[in-house]
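Undergrad: Based on the sequences and whatever the hints tell you, model everything.
Each chain is listed here by its residues.
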Amino acid sequence: MNEQEDIEQRLSRLAGATEALRPSAGFSARVMLAIEAEAAPSFLEATWFSARRLVPVAAIAAALAVVWAVQVDGSVDDALASSYAAVELE
Amino acid sequence: MDILEKAVDRVLSGDRSAFQQIVDATSQKLVRLGARIMGNQADAEDVVQEAYVKAYRALTAGEFDRRSSTNTWLYRIVVNGAIDAKRSRKRRAEASDEQVDPGWDGAARAEARLALSELDEWLEALPPDQRAALVLQSTEGLNNAEIAQIMGVSEGAVEQRLVRARAALRQKREQS
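Residue numbers (the numbering used here), protein chains in the order written: chain V, 2 to 91; chain G, 209 to 384.
The set of hints was computed from the structure by calculation and includes no laboratory data. Model, not experiment: these values are computed from the prediction. Each residue gets a CB set at the ideal place from its N, CA and C atoms; glycine is no exception. Each hint should be verified, as a subset may be incorrect.
Claimed, not checked - A short, non-exhaustive set of chain G residues, derived as facing chain V with CB atoms under 10 Å:
(1) Ser225
(2) Leu238
(3) Val239
(4) Tyr260
(5) Thr268
Unchecked claim - Here are some chain V residues pointing at chain G (derived, C-beta under 7 Å):
(6) Leu15
(7) Ser29
(8) Met33
Claimed, not checked - Simulated coverage check for chain G against chain V, where a stretch passes if three residues somewhere in it have a Cβ under 8 Å from a Cβ of chain V:
(9) 244–256
(10) 324–330
(11) 371–384
TA: Here is the structure:
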C-alpha cells in the first residue's frame, strides 16, 4: 500500500485484484458428491422406507389369519360337538 | 425467469440433477465472496460446499420461500457460514490451494492470491460481521439495503458496521 492510497482506493484495488479468484479444479464435483451423500438415505431410513410399504400387506395377512383362525375354531367345535353327540348316542 | 430460477424450479419438482446447474452458475462468485471474507481459498471452498449442502437440504425440504432471489439467498447462506466459520475455525493451511484449475492463467492466479493475502492481513483485526459487511459493499458492489437483506439485519445496523470497520482501518493505518 502506498502512502497516498486511502481506504477506498485500497479496497477498490484489492477487489479488482481478487476478481480472478475461482474455485479449484474438481470443486463442483466435490460439491455434487456431498449432495449425493446428503440425498442418499441412511440405512435406518432405507429400512423404514422399505418396511413401510409392507405394512398394508402385513395388515391384510393378519386379518385373513384371524378370519381363518375363527373359521377353523368353529369347525373344530362342530366336530367335537358331533363326536360328543355320537358318544352319547352309543 | 433466468437459468438459476429455472434450475431451482426443477430441483423443487424432484430433479436432483438440476442442482448441478445451480452450482455451475454460482460457484465462482460464491467462492470469491467466501475467500474475501475468510481470507483464503481453502476455507472459502469448505464454507461454500457446506452452504450448497444446506441450500440443497432446504430446497428439498420445501424451506426456501422465494421471498428473496436465489442469488441473494445463496449469498446469505455463504455469508452466515463464513461469519460462523471465521468466529470458530482456526485458519487452515493453504496446502489445498495448490490444486489449480489448469485453465486458469498462472500469473492472474498468483496475483489474485497475493491480493487475497494482502486483503486478509489488512482486514484481519475486524470482527467477522464488520468484515463481511465491508467486503459485500466494497468488493461485491452491493448497497446497504442488499447487504441488510443478506445479513438479516437492518440497514442501520449495516451502516454501523461499515462505519466501525472503516474507523478501525483508519486507526490501524495511523498506528502503522
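Undergrad: Are the hints correct? Go through all of them and say.
TA: Evaluated hints:
no.	hint	verdict
1	Ser225	holds, 9 Å
2	Leu238	holds, 9 Å
3	Val239	holds, 5 Å
4	Tyr260	holds, 5 Å
5	Thr268	holds, 8 Å
6	Leu15	holds, 5 Å
7	Ser29	holds, 5 Å
8	Met33	holds, 6 Å
9	244–256	holds (count 4)
10	324–330	holds (count 4)
11	371–384	holds (count 4)
Every hint from the earlier list agrees with this structure, and none is contradicted.
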